[in-house]
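Peer 1: Chains as they are written, first to last, in the numbering used here: chain A, 1 to 325; chain B, 326 to 838.
Keep in mind that the hints were calculated from the coordinates and are not lab data.
Please note: incorrect hints may appear among the correct ones.
If we take Cβ atoms under 7 Å as the criterion, some of the chain A residues that face chain B in the derived model are [as the list claims (entries may be wrong)]: (1) ASP86; (2) GLY87; (3) LEU189; (4) TYR191; (5) ARG196; (6) PRO205; (7) ALA207; (8) GLY212; (9) ASN214; (10) GLY270.
Derived CB-CB ranges, DEER-like [unchecked claim]: (11) A:THR299 / B:THR483: 46 to 54 Å; (12) A:TRP300 / B:ALA354: 52 to 60 Å; (13) A:VAL9 / B:ASP709: 26 to 34 Å.
Straight-line distance between alpha carbons at most 30 Å, and here's what the computed DSS-like set of lysine-lysine pairs gives [what the hints assert, rightly or not]: (14) A:LYS112 / B:LYS387; (15) B:LYS736 / A:LYS112; (16) B:LYS786 / B:LYS732; (17) B:LYS486 / B:LYS462; (18) A:LYS217 / B:LYS786.
Since this is a predicted model, take the numbers as computed values, not measurements.
Cβ coordinates follow ideal geometry from the N, Cα and C atoms, glycine included.
The chain contents come next:
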Amino acid sequence: MAWFHKSEVVIAGILVLAMILIGLVNPAFWSLDNMFSLLRSNVIIGIMALGVLLVMISGGIDVSFPAFAVAAMYLTIKGMLYFNYDGVVLPFVAAATMGALFGCLNAFFVYKFRMIPLIVTLGTGSMVRGFLLGVVGTSMININKMPDALIDFGKSDIISMVKPDGTTYGLTAMVAVYVVLAVALHIVLRYTMIGRGVYAMGGDPEAASRVGFNIRKITFFIYCVAGALAGFAGLLHSGMIWLANPRDFVGLELDVIAAVVLGGASIFGGRGSVLGTMLGVFMLVMVKNSLIIMKIDTTWQRVVVGVIIVIATAITAWRDRRANA
Amino acid sequence: MRSGPLFHVDGLVMSENFIELRNVRKEFAGVVALKDLSLTIRKGEIHCLAGENGSGKSTLIKIMSGVYQPTSGELYIDGNRVENLSPMASIEHGVQVIYQDFSLFGNLTVAENLAMNVQLREQRHMLNWRKVREIAKEAVKRLGVDLDLDTDVEKLSTAGKQLVAIARALMSDARLIIMDEPTTALTGKEIETLFRIVKDIQSRGIAILFVSHKMREMLEISEHITVIRNGQKVADGPTGDFDEALITRHMTGSDIISEPYIWDQQKYGSMPPRIETKNLTHGNDLDNINLAIKPGEIVGVSGLLGSGRTELALSLFGMMPGYSGTISINGAQTVLDTPQKAIRAGVAYVPEDRLSEGLFLTQGIDRNMLATSYEKLAPGLLIDQNKAEEWVEAMIRDMQIATPTGKKLVKELSGGNQQRVVIARWLLTNAKFLILNGPTVGVDVGSKAEIHRIIRELAQKEGLAVLMISDDVPELVHNCNRIVLMHRGAFVEEMASADTSEDQISDKLKNLT
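Isolated chain B, as found in the complex (with noise of 0.2 Å):
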C-alpha cells in the first residue's frame, strides 16, 4: 500500500494524492459492509474500482461522496484530514459522481439539465436563462462534443445522455469523477467514445474512479487497479500487473474456467435444424437473413446497436409479421406472425434485463417459475397444485438451485440462482429454441459464469438450440460455437468460435461502416 508521498514546493506541502481512505470501515446496524479498507486515489489518474454486486462498491462511492459517514477510519482530501464529510462539502471539495441512471431530469431540456448544479451552488434564487444558455454552452465547449442544448433529455439516446452527466460533472470545477458502470448499457463505438473523452478529461489533472466489473474495459483504460470482495480491499496495484483472469480470480475468490463451447457434432450433427429461416427479410430492417440452428448449437450474433439483431430476435419471436421468406421450425415451414404462435412452436425470448427484471421478486420460486405455464396447470378452470408442485420439484432438482422449498421468495435467493428461476420458468413451456439478448447485462462475474455454464448444459444435454445476442464479445467467443456479424440487417460474416479470437471480432466491429 502507497502511504501518500509528499513533496514540497516554495514551503508549501502539497500531496499528489487527491483522496485517501484509511482503514475506513462502515457498518449498518451490526452489518459490516466495508472492513477496514484503505484506497489512494491520485490527481490526473484513471483509477478502476472492481467487485461484484455486493461487494462494497457502491457504499465506498458513497463515503467519497458524502452520502455515507465511516463508523471509523479516517479520509484524507489532498493530504488534509477531513470529518464528516456532507453531500455538498464533497461536491466543494470537486468530487462528482455519475450514476448509472445519470441523475438527469428527462423532463428538462439539456441546456437545463447542464446548467442546474452551477446555479444550485451558487445558491440562486432566481433562474436567468441567458445565463442557462451561456453555462450549458461553455459545458458543451469543454467536453468537445455536439448536443442540443434544446432537446429534452429524455429524447436522448443513453451515450447522449450519459455526454450530458459528464458535461454537467465538469462543469463544477471537479478534481475526481467516480463513474459507476459507466458502459452498461453502452455499443462498441460509443465505449470507444467515452474512453477518449475520459482520457481527455485526465489531461486536464482530473482523476477518474471508474467502477466496472468488465475485465477488458479495466484493463485497457485505467492506470490502477482496486479489487474489492465482501467489503475488503483484495488486491491493490497497477494495471500491468493485472491479467482478466488474475482480476477475476480476486473478484470471485475463485478460478473461473472459460473453456470454448464445443457443439457436439456427432449427437446432434443428423437431426433437423430447430429453426431455419431462408431469405428473412422486413422492410429496412433484415436483410436476407438465412441462418439454421441445429440442436444443442449455440449462436452468437455480434453487430452494432441498430444492426437489426434485435429485429432478427424479435422476427423469430413471431413479433415482427408482415416478413417475406421462410421460417421453418424442426424441419417444417411455419408462420411466425404472434408470440403465441412461436412460444407454442418451441421458442422462447428472453430481452435484456428480463433475467434480472422479470422476476416477481416479493413472490415464491414456485410463482415465479411458473409463471408462463399456468395455462397448461388449469386445463378447466382450476390449477392442478399436485402437478404445479411436481414440476417445480423437478425443476429446482435440475437447476440446481439452492433452497429448502419452492415456496421461498426470490429475493432471497443469490443472483445466480435468480437467473436459474428465470430460465426453468421457460424450459418449463417446452422451448426447444431459446433466444437470449444481452444475457448478462448488469451481472457481476460469479453469476454471468453460472449463467453461461447452465445454458452449456442444457444446449450440450438437453440439445437446447441458442441464439445469443451480445455486445459482450468475449461472453459470445467463450460461449458460441459460431458466431455471425450483423450489420445493416444483412450477415456479414460468420465464424467458428475456435477459428476467432475477441481481439480479431472487436476490430471487425469497429471497422463497420
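In isolation and in its complexed conformation, chain A is listed as follows (with noise of 0.2 Å):
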C-alpha cells in the first residue's frame, strides 16, 4: 500500500506548497475566518466527489450526479412544503433514496447493457433534469417558504468565533458531516469486500467475475451510492444557502470531477483512495476561491477548472501508463 500512500504525500505536498504561495500573495488567505469559508466550501463539491471517486475506481464516470442532486433536492422540498412537514433526518433519508434510485438507473444501463457509462450519465442526468423543469416546475423556493428545520440544521457550526467589531463568524457543522461520510466511505473501499471488489472490478471486470466476484450487485451498488451522495449533498446545499434552486448545479461535474481527478484517481479505473480525494477536493476549491478573492472573472475560473482538469489527468494518466509498462 505504500503507493497510495505516496501518491497522497504528494498531493498534499502541492497543497502545502500552494497554500503558502497563496498565502504569500495574499496574507488574508490564512485568517481563520477565510479557512472557515474554505472549509465551509468544501462540503458540497466534498460528499459529491465521494460519490464520483466510487464510480471512477470501478473504471466508470459520472456525470448525472448534478441532476441527481439537484432533483432529490427539489422534490424533498416541495414535498416538505405539500405535507407541511418540518423536521431534518427524514427528508435526507428521502433526498439520498431518491439519488439512490436514480442512481440505479444509470447502474441498470451500465450493467445490462453494457453500455459506456460516459453516455448513460449524460442520458440520465439529462432526463432527469428535463422532468424536473417540465414537470415539477421551475420556480424557486426561498428562504421564506424553505422549511425552518433545514435551515437551522444548516446554521448550525461546531466552532463559534466572534471577531473584533463584533460580527460573529464559525465553522459549519456541516464540515462534521462531510468527514463523518468520507470515513464510512473510506472504511467501505478498505475494509469491505465490496469496495475491494470495487477496486478489482476497476482493474480487470473480467478477472473480478472469474475469481467470484457478484458484479451485478457491486455495479448497482457504486451507482446507487454516488446517487444517494448526490441527493443527500444536493439537499444539504438548499439548506446551506436557504434557497432551493431547481436550476441549481449546473456545471458542478467538471469541478467535482476535477476534484476527484486531481486527488489521485486514475481516469483507467483501479486506483484512487477517500484522502487523496479530500485533498484534491480542497485544492479545487482554495485555487477558485483565491481566483474570486484575486477578483478575477468567473469565466476564467471555467478556464482554470479546464486546465486542472487536463494537466491532472495528464499526470495520472503518465503515471498510470507507466505502471503499466
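If you follow the hints, you should be able to join the two separate chains into one complex; please do so.
Peer 2: Have a look at this one:
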C-alpha cells in the first residue's frame, strides 16, 4: 500500500506549497475566517466527489450526479412543503433514497446493456433534469418558504468565534457531516469485500467476475451510493444556502471530476482513495476561492478548472501508463 | 479409451479418476463446438490437451470450470455424476483455471491478489488486512517462491504474475489446475522454473491439465496427451506413444514438412549484404555487434530476454539513435536514427504480437495492406485509387491469399491468410530487409507452418534478407541458415543450422549465465 500513501503525500505536498504561495500573495488567506469559509465550500463538492470517486475507481465515470442532486433536493423540499413537514432526518433519508433510485437507473443501463458510463450518465442526467423542470416546476423556493428545520440545521456551527468588531463567524457543522461520510466511505473501500470488489472491477472486470465477485451487485452498489451521496449533498446544499433552485448545480460535474482527478484517482479505474480525493477537493476549492479573492472573472474560473482537469489527468494517465509498462 | 477403473478401500468406492467427461457435446446456436468428446484426467497426473486455435480447447476448459453447460453428455468428478456444474461448484470441487491473462488485478498488491479467492470463498463481508497477509505468506510458502507481497502486481514480470496466479490457485485447495497456454510469454529459463513448480504441485497429488500447442513442452512435461481437432478427440494416450510429428499430424490433420532452410549461395553469395553492422555498440545494451546478412539469408537470433536481441532489432530499425559503430545497407553506409529513415532504406520491423494484433480486423484486406503505403499512393492530396487496387490485387496473387476480393474483411480470413496480409503490407513498402521479433508467438501450428513457408519463399525467390528473433528454438533451426546466440549485448556464438540441433542450442541457452 506504500504507493497509495506516496501519491497522497505528493498531493498534500503540492497543496501545502500552493497554500504558502497563495498566503504570500494574499495574507488574508490564512485568517481563521477565510479557512472556515474555505472548509464550508468543501462540503457539497466533497460529498459529491466521494460518489464520483467510487464510480471512477470502478472504471466508470458519472456526469449525472448534479442532476440527481438537484432533483432529489427540489422534490424533497416540494414534498416537505406539500405535507407541511418540518424535520431533518426524514428529508435527508428521502433525498438520499431518491438519489439512490436515480443511481439504479445508471447501474441498470451500465450493467444490463454494457453501455459506456459516460453516455448513460449524460442521458440519465439530462432526462432527470428535464423532467424536473418540465413536470415539477421551475420556480425557486426562497428563504421565506424554505422549511425552517433545514435552515436551522444548515446554520449550525461546531466552532463559533467573535470578531473584534462584534460580528460572529464559525465553522459549519456540515464539515463534520462531510468528514463522517468520508470516513464511512474509506472504511467501505478499504475494509469490506464489496469495497475491494470495486477496486478489483476497476482493475479488470473480467477477472473480477472470474474470481467470484458479483459484478451486478457491485455495479448497482456503486451507482446507487453515488446517487445517494448526490441526493444527500443536494438537500444539504439547499439547507446551507437557504434556497432551493431547480436550476442549481449546472456545470458542477466538471468541478467535482476535476477534484477527484486532482486527488489522484485514475481515469482508467482501479486507483484512488478517499484521503486523496478530500485533498483534491480542498485544492480545487482553494484555487477557485483565491481567484474570487483576486477578483478574477468567473468565466476565467472555467478556464482554470479546465486546465486543472487536463493537467491532472495527464499526470495520472502518465503515471498509470508508466506503472503498466 | 480408459473407463474409470475402480478400487475398494475399506468398503468405500474410490475412483482414481478425478474428472471424467463422457460423450460431451456442446452446441452454440446450432454450431457444434464439441462433438461427443470423452476425456479422463486421473488424480495427480499431468495431462496435456493439444489442439490448434479454434479446435475446441477453450470450450472444453469452460465446461470443466462450469462456465458452459454441455448440450449433452455426462461429467463425473471423483466417480460421481455431476449435473449443472456452476463456476462456484467447480471451484468447490477443486478445479482451478489459470487463464492466459492470469485474471489478476494489476492495481492491487500481490498479497491482496493471493488472498482474494480465499476471502471470497469464505463469503466474508469485511476484510482483515492482517489475515490477508497471513494468507498471502502461506500461499508463497506453499509454492516455495520468493515474492514481494507489497508490490502492485502490474509491476511484476510475466513470470512473476504467473507465479502469483499459481500460488493463488493452490490456496483454493485445488485438485486440478488447468493452465491455458502457460508458456506463451516465458523465456527458456522461466519455462524451466515453471516445469519444476508443476512437478512439485503434482507431487502433492494435484492433477494438472496443461493446454498447449508447443510440442516439445508437451512431450517434456506430461504423462498423458489428448489431441483434439474440430471439437473431436483425434488421439489420446500415454506421452511415450507420441512424438512431435505425430502430434502435429493429429492437430492439423496433415503432415507438416520441416526440412531445414538452405540459402542459395550461388545466386546471392556475390551480392553485397542487405545490412551490415561493424562494431555496433549502444550503452550497455549492444556490445560490438558485427553482423552481415546477404540477400536470401534468414539469420536467427537466440538469447534470453534482456540479452540485447530486441535492442539489436530496434537499432537496425532506427529506433536506438546514439549508437557507435556503423550500419551499411546494400554496401552503402547510412545513419539509421529514425524509423522513417529505416523504412525508406527498405527495412521493415514486425514486433512481437504485431502479426496477430497489427491488423485492423474490421477493415478490408485492401486497407490493411495499404496501411503503410498511403504516402506513396497519394503524391498530391488524393489517393490514386486505381493504383491502390492494382497493388492489392498483385499482392493477393503473389501471396496466394484465398479471397474473392480485396474488400473482404480481415476478420473473416483464416489465421494463415491474416498473417499473409501483414507480410504483404511490409512488402508494399519495398522492404528488402525484414526483422521479425517472435514471429509466431501465440500462433497455432498450421498457421505457423504457413508463415514459415511464406518467409522462406520470399527469402529464396525475392532475395529478402531476414533477421528472425525467437524463443522458439525449433523455429530458428528449421527456418534459418545460421543462428547467432546473443548474451549481454554481444554475439557469443554463431552456428550454421545444418551443423547444429535444437537440443544443442537449448543446452547452450540454459548454460548462459
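Peer 1: Compare the structure with each hint and give your call.
Peer 2: We went through each hint and held it up to the structure:
1. The interface hint given for ASP86 (chain A) is violated, since its Cβ lies 38 Å from the closest Cβ of chain B, which is over the 7 Å cut-off.
2. Nearest Cβ of chain B to the Cβ of GLY87 (chain A): about 32 Å, over the 7 Å cut. The hint is violated.
3. A cut of 7 Å between beta carbons decides the hint on LEU189 (chain A): the least distance to chain B is about 10 Å, and the hint is violated.
4. Contact between TYR191 (chain A) and chain B, as hinted, is supported at the beta carbon level, the nearest pair being about 5 Å apart and thus within 7 Å.
5. With its C-beta approaching chain B no nearer than about 6 Å, ARG196 (chain A) sits inside the 7 Å limit, and its interface hint holds.
6. For PRO205 (chain A), the shortest C-beta to C-beta distance to chain B is roughly 10 Å, which exceeds 7 Å, and the interface hint is violated.
7. Proximity of ALA207 (chain A) to chain B holds as hinted, the smallest CB-CB distance being about 4 Å (cut-off 7 Å).
8. Using the Cβ-Cβ criterion of 7 Å, the hint placing GLY212 (chain A) at the interface with chain B is satisfied: the shortest such distance is roughly 4 Å.
9. Annotation: ASN214 (chain A) was flagged as interfacial toward chain B, and the flag is violated, the nearest CB pair being 10 Å apart, outside 7 Å.
10. A distance limit of 7 Å between C-beta atoms decides the matter here; for GLY270 (chain A) the minimum to chain B is near 3 Å, and the interface restraint holds.
11. Evaluation of the 46 to 54 Å hint for THR299 (chain A) and THR483 (chain B) yields a pass: the beta carbon distance comes to about 51 Å.
12. Separation of TRP300 (chain A) from ALA354 (chain B) is about 59 Å and conforms to the stated range, judged on CB atoms against 52 to 60 Å.
13. The hinted window of 26 to 34 Å between VAL9 (chain A) and ASP709 (chain B) is violated, with their beta carbons roughly 58 Å apart.
14. Proximity of LYS112 (chain A) to LYS387 (chain B) is assessed by CA-CA distance (about 23 Å); at most 30 Å being required, the pair is judged to hold.
15. As the CA atoms of LYS736 (chain B) and LYS112 (chain A) are separated by approximately 27 Å, the hinted pair is consistent with the 30 Å bound.
16. At roughly 28 Å between alpha-carbon atoms, LYS786 (chain B) and LYS732 (chain B) fall within 30 Å of each other, so this suggested pair holds.
17. For a cut-off of 30 Å, the pair hint linking LYS486 (chain B) to LYS462 (chain B) stands: about 16 Å separates their Cα positions.
18. The straight-line distance between the Cα atoms of LYS217 (chain A) and LYS786 (chain B) is roughly 61 Å, outside the 30 Å bound, and the hint therefore fails.
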